[in-house]
Amino acid sequence: MNFEFSDEQELLREQARGFLADNCPPSVVRAVLDGDTDHDAELWRKVAEMGWTATVIPEEFGGLGLSYLELVVIAEELGRAAAPIPFSSSVYLATEAILALGSTEQKEKWLPLLATGEAIGTFALAEGNGRPSAKSLKTKMSGAGISGRKLPVPDGRAADFAVVVGASDSGDGASMYLVELDQAGVSREAVRTLDFSRGHAVIEMNDAQAQLLGGEGGGWSALEKLMDRAAVLFAWEQVGLADAALEQARDYAMGRYAFGRAIASYQAIKHKLAGMYVKNTLARSNGYYGAWALNSDSSELALAAATARVGAIQASVHAAEENVQTHGGMGFTWEFDCQFYYRRAKLLSVNIGSEAYWQDRLITAMEQNNAA
Amino acid sequence: MDFNDTQEEAAFRAEAAAWLKANVPTADELNGLDDIAAAKLWQKRKYDAGWACIRWDKEFGGRGSSAIEQVIWNQEESKYELPGGVFSIGQGMAAPTLMTWAAEEHHKRFLPKLASGEEIWCQLFSEPAGGSDLAALRTKAERDGDDWVINGQKIWTSGAHYSDYGIIVVRTDPNVAKHKGLSYFFLDMKSPGVEIKPIRQLTGGANFNEVYFTDVRIPDSQRLGEVGQGWQVALTTLMNERASIGGGSSAVNVDMAYRIANEVMIDDKPAIEDGAVRAKLANWYVQESGLRFTSYRSMTAISRGEIPGPENSIGKLVGAPKNQEMASFCMDLLEMSGAIWDDEMSKEAGVIQMNYMGAPGLRIAGGTDEIMANIIAERVLGMPQEPRMDKGMPFSEVPTGSN
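Listed in order, the protein sequences are those of chains A and B.
Under my numbering, the first sequence has 27 at position 27, and the numbering climbs by one with no breaks.
Under my numbering, the second sequence has 1291 at position 291, and the numbering climbs by one with no breaks.
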């Protein structure tokens, strides 16, 4: 049995944690929250310099050609630091989409730029309230170009291009397109979300130039495969966040006194934090399962990814909520950092599909495995 | 990251699997034997072939195996439905305590018969006044020549009625602080003055007992540790409660709930198509899968010769309530028929109802949910204990519900 990260991967974790402690302390997150930028461009530049954006991109396209086990280690640390950068959009979604679906030409154009962080990509699926389906999509390609309105698009203003999911008359009813965002047919505006340490936008496309990414009419099944991969990576960010929230709650409870003793000595607080630890541990172990399945291209990926994602959503949202609660009134202030995790946990939990969506996907994967 | 055995582990697994395949008792061999006779037959067979208590030294009847080999053996053995269970307290808790604290002559006398299953042991710790607060126990021992004279009552003693020996913690000095006045012994369960009364459980069954002690004499040579050191010795026993690596599975699980949800209808459609049903099953799958991969992480540490981290401490705290919730939910899926508990008429032959009725016991035995949460908070998260009203107080002055 060897179900653990290697020594090299543990070393990478140490380096990443040290780097983020130096370069992404709470003041950096707070600066984006207080300011009017969509992300911290300086941190993004440094993260790219570290090669993190290049982790799984093959060397022939300017990447490091490392495995997904390295990438999940980095994801966990970024989640722990609540880093205000477009990493998930560009690395877990846009890069993955091009790796999976791109033509040689598309790969040659975009992967080297994504690897160095010079280009930022994002993923545009949602078109307003509710769960999207191939049938519900209004965005569509015509002879003149692609038209539609995508809302919200994470990192939509920072991104150079978006992978856009549009309706199709053939196949499974959807296709994916690569749309450069700095063009006449595209307008974008900031959308305020509950976590404005991560910028979001509404993107309007009117006969915009677009390239098909992957086959015509195979977009919805490609999307689901892409979601499975991204779910594992998102889950590790959420696991990192959940542990950071638990540690913050523990540290505060140890130092905060009420009725003459540390509130950490009350069973009401101890049991609350033990409950957080239990959820976090389950989420982490399921994250291992997801990471293994992603890295080994296992046929169990759909089940493993949904399991990792559901566990991570539950752990991170719970930890972030109970962290505020443990802090009492101070946790509800702007001044305290509890809000970082509270905002980010909920944002990540609805990004790429909610808990209910992934619960359903989990059972669907089980049904497919049983039918096979 | 993979699930594969090392070369040595694979070789050991193959050897274990081959022996099991050739030696597990047939239905004919077990026919007519009661549970204990059947368990003894299988244990003796393992012992004779060197497959009993494999981590123990060979001189005590073991195999001298490594921790990872023990895990592999457990995995292979659990592939068969085999009699057992009655030895777990003796082999898992009494034996390690004897190894740490008993004299060599006791090792030679008792360990091989524990390994072979010839002698069964029970654990006499809990009392009516001391459960979660175990050190509040009141059964007293007074020195009389070379013996100690025991008076008092123990409770929740599994298997007392078929045990040959027992390990017991008693109060030898009520005038010092709670933890300091305890001593630890082992005794012959057939000693005069030992009276065993079965306790009928909420389930209707009676697997555990009250044990009364009236002037029971235990030779001082059967004391483990010094007089007054009983709490320390008891901690050895409690720390050896078997690690649940690879175990902890229940008959009521996601597979069963999924099967039922595909068979029963909600609004004329299979229940599995219902969103609420899917969400619940998904949540329980996350727990099952999380526990499974947590145990794989612990196994990896063991395989590398390391001590597993604290993550395995969540097993009982997750598994016991989950068992109760899932049994309850499976009965809900059956609607009114869920209440039927009958081997013939019940879906899944009454296993669901049996698990539901047994579930409260699992949440209490071996550390209640609340104690398990305290253990995680204190030992894993490093949070302080609650202040104790009885701290440093002579035990005889500690307030109780009866004064």
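Treat the hints with caution; some may be incorrect.
[Unchecked claim] Stretch by stretch, here's where chain A covers chain B in the computed footprint (C-beta under 8 Å, at least three residues):
id : segment
1  : 1008-1014
2  : 1091-1098
3  : 1156-1170
4  : 1213-1220
5  : 1278-1288
[As the list claims (entries may be wrong)] Once the Cα atoms are required to be at most 27 Å apart in a straight line, the calculated BS3-like pairs of lysine-lysine come out as:
id : chain 1 : residue 1 : chain 2 : residue 2
6  : A       : Lys135    : B       : Lys1269
7  : A       : Lys138    : A       : Lys225
8  : A       : Lys107    : A       : Lys46
9  : A       : Lys272    : B       : Lys1391
10 : B       : Lys1058   : B       : Lys1079
11 : B       : Lys1044   : B       : Lys1108
The set of hints was computed from the structure by calculation and includes no laboratory data.
Glycine residues also receive a C-beta, built at the ideal position from the N, C-alpha and C atoms.
We went through each hint and held it up to the structure:
Look at the segment 1008-1014 of chain B against chain A: 1 of its residues bring a Cβ nearer than 8 Å to a Cβ of that chain, fewer than three, so the hint is violated. Counting residues of the segment 1091-1098 of chain B whose CB lies closer than 8 Å to any CB of chain A gives 0, which falls below the minimum of 3, so the coverage claim is violated. Three residues within the 8 Å Cβ limit are the bar, and the segment 1156-1170 of chain B against chain A gives 0, so the coverage statement is violated. As drawn, the segment 1213-1220 of chain B meets chain A at 0 residues by the rule of a beta-carbon pair under 8 Å; below three, the given contact is violated.
Counting residues of the segment 1278-1288 of chain B whose beta carbon lies closer than 8 Å to any beta carbon of chain A gives 8, which meets the minimum of three for the stated coverage. A hinted pair counts as satisfied when its Cα atoms are at most 27 Å apart, and Lys135(A) with Lys1269(B) qualifies at roughly 24 Å. Of the supplied pair hints, the one linking Lys138(A) and Lys225(A) holds, its CA atoms being roughly 22 Å apart against a limit of 27 Å. For a cut-off of 27 Å, the pair hint linking Lys107(A) to Lys46(A) stands: about 24 Å separates their Cα positions.
The suggested pairing of Lys272(A) with Lys1391(B) holds, with an alpha-carbon distance near 25 Å, which does not exceed 27 Å. Taken as a hint, the Lys1058(B) and Lys1079(B) pair is honoured in the structure, with Cα atoms around 25 Å apart against an allowance of 27 Å. Proposed proximity of Lys1044(B) and Lys1108(B) is supported: the alpha carbons are some 17 Å apart, at most 27 Å.
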